[in-house]
Amino acid sequence: MELEFILNGEAVRMDAPPDMRALDLIRDVLGLTGTKEGCGRGECGACTILVNGVAVNSCLIYAPKLNGKTVMTVEGLARGEKLHPLQKAFLDEGAVQCGYCTPGMLMSAKALLDENTDPTEEEIEEAIGGNICRCTGYVKIIKAVQRAAKEMRDE
Amino acid sequence: MSNRVLNIVGKPVKKVDGVELVTGRAKFAGDIRIPGTLHGYQRRAGIPAGRITHIDTAPAMEVRGVLFVLLAEDIPGPNIMGILPPFDQPLLAYDEVRYEGESVALVVARTKKAARAGAEAINVEIEPLEPILSPEDALKEGARKIHQGGNLTFERKLKKGDTVKGFEEADVIVENTYETSFQEHAYIEPETVLAVPGGDGRITVYASCQSPFHLRGHIAANLHVPAAKVKVVQAYTGGSFGGKDDVAAEIGILASVAAVKGGAPVMIAHDREESIIGSNLRHASKIHYRTGAKKDGTITAREVRITLDGGAYASESPFVTMKTIIHAAGPYHVPNATVECRAVYTNKTYAGAFRGFGVPQVTFASESQIDELAAKLGIDPLELRRKNALRAGLPNATGQVFEQSVGLVETIDRIREHKNRHTGAKRKQDDTGRWLYGAGVCCMMQGISNGAEGIDVVGASVQMGQDGSVLVGVGLTDMGQGSRTVFAQVAAEVLGVTMDRISVKQVDTDSVHDSGPTIASRATTVGGMAVFKAAGEVKRSLSKMASLMLKCGEEEVDIAENFVLHKKDKNVRIPLSEVATAAYWTGFPLMNLSFSRAPDADYDHDTHQGRIYIAYNFGTHFMSVRVDRYTGRVEVLDHVAAHDVGRVVNPLGVEGQVEGGSLIGYGLAHLEKVETRDGCIINPNFSDYAVPTVKDRLPTRTICVEDENPTGPYGAKGVGEPPVAGAAAAFANAVSDAAGVRFVRLPITREDIVKALG
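As given, the protein sequences belong to chains A and B, one line each in that order.
Counting in my numbering, the first sequence runs from 1 upward without gaps.
Counting in my numbering, the second sequence runs from 1001 upward without gaps.
Same shape as in the complex, but just chain A (with noise of 0.2 Å):
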């Protein structure tokens, strides 16, 4: 079926088979393999994108309902080589090892940030609650993510 959808601020159009899911759309037939899969059952966060704004995990939905969204994966967050505020504080305070659910992270974590400029602590567990990271024991992101909110209220 025809979908219409912005994809990281661009206009895509294009046919997708129905029961495709919106991870293998954005990762097998658009390109991006930013957005990861861990595990196909919405457990691990890893596939997380932002439709309309609102964090999702991309294997649980089909391509279908990107339709008509605004759409992010990690790949829209830096403009050009300027890192966005977040993808800047994760390198920063070493919130990143092996990196594998950094991008399902930094969409989770830019929802949260888009929604509230200034989040306590339990807000951000919140946020990323859904997104498992096995390698930093999460201290480096939480202070990652409030680095980022500082820097973003600062500009």
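Just to be clear, a hint being listed does not mean it is correct.
27 Å max Cα-Cα, derived DSSO-like pairs, lysine-lysine [stated by the list, open to error]:
(1) Lys88/A x Lys1505/B
(2) Lys1011/B x Lys88/A
(3) Lys1544/B x Lys1570/B
(4) Lys1505/B x Lys82/A
(5) Lys1027/B x Lys1229/B
(6) Lys88/A x Lys1014/B
(7) Lys1229/B x Lys1261/B
(8) Lys143/A x Lys1011/B
(9) Lys1695/B x Lys1419/B
(10) Lys1570/B x Lys1539/B
(11) Lys1539/B x Lys1014/B
(12) Lys1229/B x Lys1505/B
(13) Lys65/A x Lys1113/B
(14) Lys1673/B x Lys1695/B
(15) Lys1695/B x Lys88/A
(16) Lys1027/B x Lys1113/B
(17) Lys1294/B x Lys1376/B
(18) Lys1286/B x Lys1145/B
(19) Lys1014/B x Lys143/A
(20) Lys82/A x Lys1011/B
(21) Lys1157/B x Lys1294/B
(22) Lys1295/B x Lys1387/B
(23) Lys88/A x Lys1027/B
(24) Lys82/A x Lys69/A
(25) Lys1027/B x Lys1014/B
(26) Lys82/A x Lys1014/B
(27) Lys65/A x Lys1112/B
(28) Lys1011/B x Lys150/A
(29) Lys82/A x Lys1027/B
(30) Lys150/A x Lys1014/B
(31) Lys150/A x Lys1695/B
(32) Lys1294/B x Lys1159/B
(33) Lys1533/B x Lys1568/B
(34) Lys1295/B x Lys1376/B
(35) Lys82/A x Lys150/A
(36) Lys1419/B x Lys143/A
(37) Lys143/A x Lys1695/B
Keep in mind the hints are simulated off the structure, nothing from the lab.
Since chain A is already given, all that's left is putting chain B on it; use the hints.
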């Protein structure tokens, strides 16, 4: 080296591959797109034990998109995937299946969906055998033999002094039995490979893996081609923790055989469930300890008997057995020790390497026992540990003596300072009596380098361009732990260049020297030393060139921040690029391949007495908790981890290892339990297998003690594995303290706590 002012080593440095990772540009194996790629999916046994009587692949061939099926007879080589002796693990089972996740066939199709459907469609007839599900059953007389040689995988003993005499000298003796459960690695990237046949008679395999040269050897053997025909590229690897060795070889070989047969690229990307049931776990264990001490706390003897449940195949059980006995007596001066450890086959998913490699299990048991001893003696647990702590000049349980870099006592003292500062701190108010408060400590050690597991050599290349930029290549892999960044820091420090001038190669077997597996917390220590040497050789060329240009002695030349300087007159400086260019035209070598070889282990195999590791990381953890007496919920209020890391290379990296490793230890101690029914895992997903989430995070604070290690670059030693054991054991002691009950089995779940509190 200690008096030198360091510019880059010791400073917090961003990951050299960080930008690729935060932008989504980094290519993990599953992200590589080659037109015409086929997909492989494994058909697994589905039952824990049985004899294969018939395999009919015809139904799979009827699935649209399926191209062919591989069975054991289609593997050109020996059909073996085991990475160590006794090489007991077939790639594809053909006569007997020994665990539910065992592969019997690979279906290759145009899509993963079709391959999966094809795998399900194959008709595999297996005559079930009564599964053997515990080491006790496996070792019973007359038990069915899981392997021809019997059910004992491996057995070793450590013997030091005279334990009988040691216990006679003891005023008190404590004795107990402890158990730990299997643990899943749960790296977020499931195992993935892509094998691409080249037009040149070679094959390239992109793999999420830990040890690319292992893969190369196994792929070549099973393809029955020379190893030089195979190129393994370590793609960005989404975590490994010891886990992506056997299974990476398994799917690397299968994809390669399929790619050659199909004449097309073949990808195998595991589902989460496959990742849990079809790759190795941390060994479950049963550990009996007996410890004797004098009234003043001096330990006189320890006797330990350990049984590891190794599951269906040997994998790294032999090496885990050795590491376990070497560490079982703990980081103490124990004059008389006997340790016996055996690994046993059962019909379960096989156990192998997992961050810590046996040490977390024995550390939990040993440190629980030390607390029991402290209680019996009426001595403060931390003071008892300090009294017996290993110090420079004292022999450890293998009789090895280190004259330096034994910073255990300092880690204890730092923890004591922390505790003292916080004794006065107010506990949270609880009028209801709902919360029980407690605290625990743990001391641990972890051997660095291959040690008893074999020779330890790393090759590193350092290459400077005429513009003064540097390319570093090391045969050890970065799976997220940050070793590429450490290697870059060491090269930058030696060569006096800034970090932005350094690149570190992605590891591929064509372009780096075989440096063995990336295990045993050895990358920083042995790998870093190889970089240190290679960079030093390149620096020698630069100094020689600069001395000609500045008309001074080589020893008067210094390099800092991309400039060559005259030591006595800092105003005399030349851009490094000019010196490098001149060196190039003069013919002074700007590239070097150097090796770092750890001194070989030298010990008696029957007693494990001798020189084994090149260094140990020592650590002390403190954890305070409160426990909800009604729900068993545990809140960790404070966690401080002090480790002797020799020298901090990258503070951000060390903290990251300590925070992340500690949370894996916490998972082992509290949350994670691989549940089985009739030999099959019933929780192979993240809903039912509880990997710690952000809400479970520990308030970890890292304290680094720097007791320089002469065998590491600038005195550094590894820190990847140690925090797992530290946090797990400190948690067990803290919860036992709070509940007033000694918990002897990991994980200590909420249910266990509620039950114990009655």
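Restraint status (C-alpha distance of Lys1295/B to Lys1387/B at most 27 Å): 12 Å, holds
Hint consistency between Lys1533/B and Lys1568/B [alpha-carbon to alpha-carbon, up to 27 Å]: 26 Å, holds
27 Å limit on alpha-carbon distance, applied to hinted pair Lys1294/B and Lys1159/B: Within the cut-off at roughly 21 Å; holds.
Satisfaction of hint between Lys1505/B and Lys1229/B, Cα-Cα up to 27 Å: Holds: Lys1229/B and Lys1505/B sit about 21 Å apart, inside 27 Å.
Pair hint Lys150/A and Lys1695/B, alpha-carbon separation not exceeding 27 Å: The hint holds at about 22 Å.
Pair hint Lys1027/B and Lys1229/B, alpha-carbon separation not exceeding 27 Å: Holds, at roughly 24 Å.
Satisfaction of hint between Lys69/A and Lys82/A, Cα-Cα up to 27 Å: 25 Å, holds
Pair hint outcome, Lys82/A versus Lys1014/B [Cα-Cα no greater than 27 Å]: With a Cα-Cα distance of about 16 Å, the restraint between Lys82/A and Lys1014/B holds, given a limit of 27 Å.
Agreement of Lys1505/B and Lys82/A with the hint, judged by alpha carbon distance not exceeding 27 Å: 24 Å, holds
Pairwise hint evaluation, Lys88/A against Lys1695/B, where the allowed Cα distance is 27 Å at most: Roughly 24 Å separates the two Cα atoms, so the pair holds.
Holds or violated: Lys82/A to Lys150/A, with C-alpha atoms at most 27 Å apart: OK: Lys82/A and Lys150/A at ~18 Å, within 27 Å.
Restraint status (C-alpha distance of Lys1157/B to Lys1294/B at most 27 Å): 25 Å, holds
Hint violations for this structure: none, all hints satisfied.
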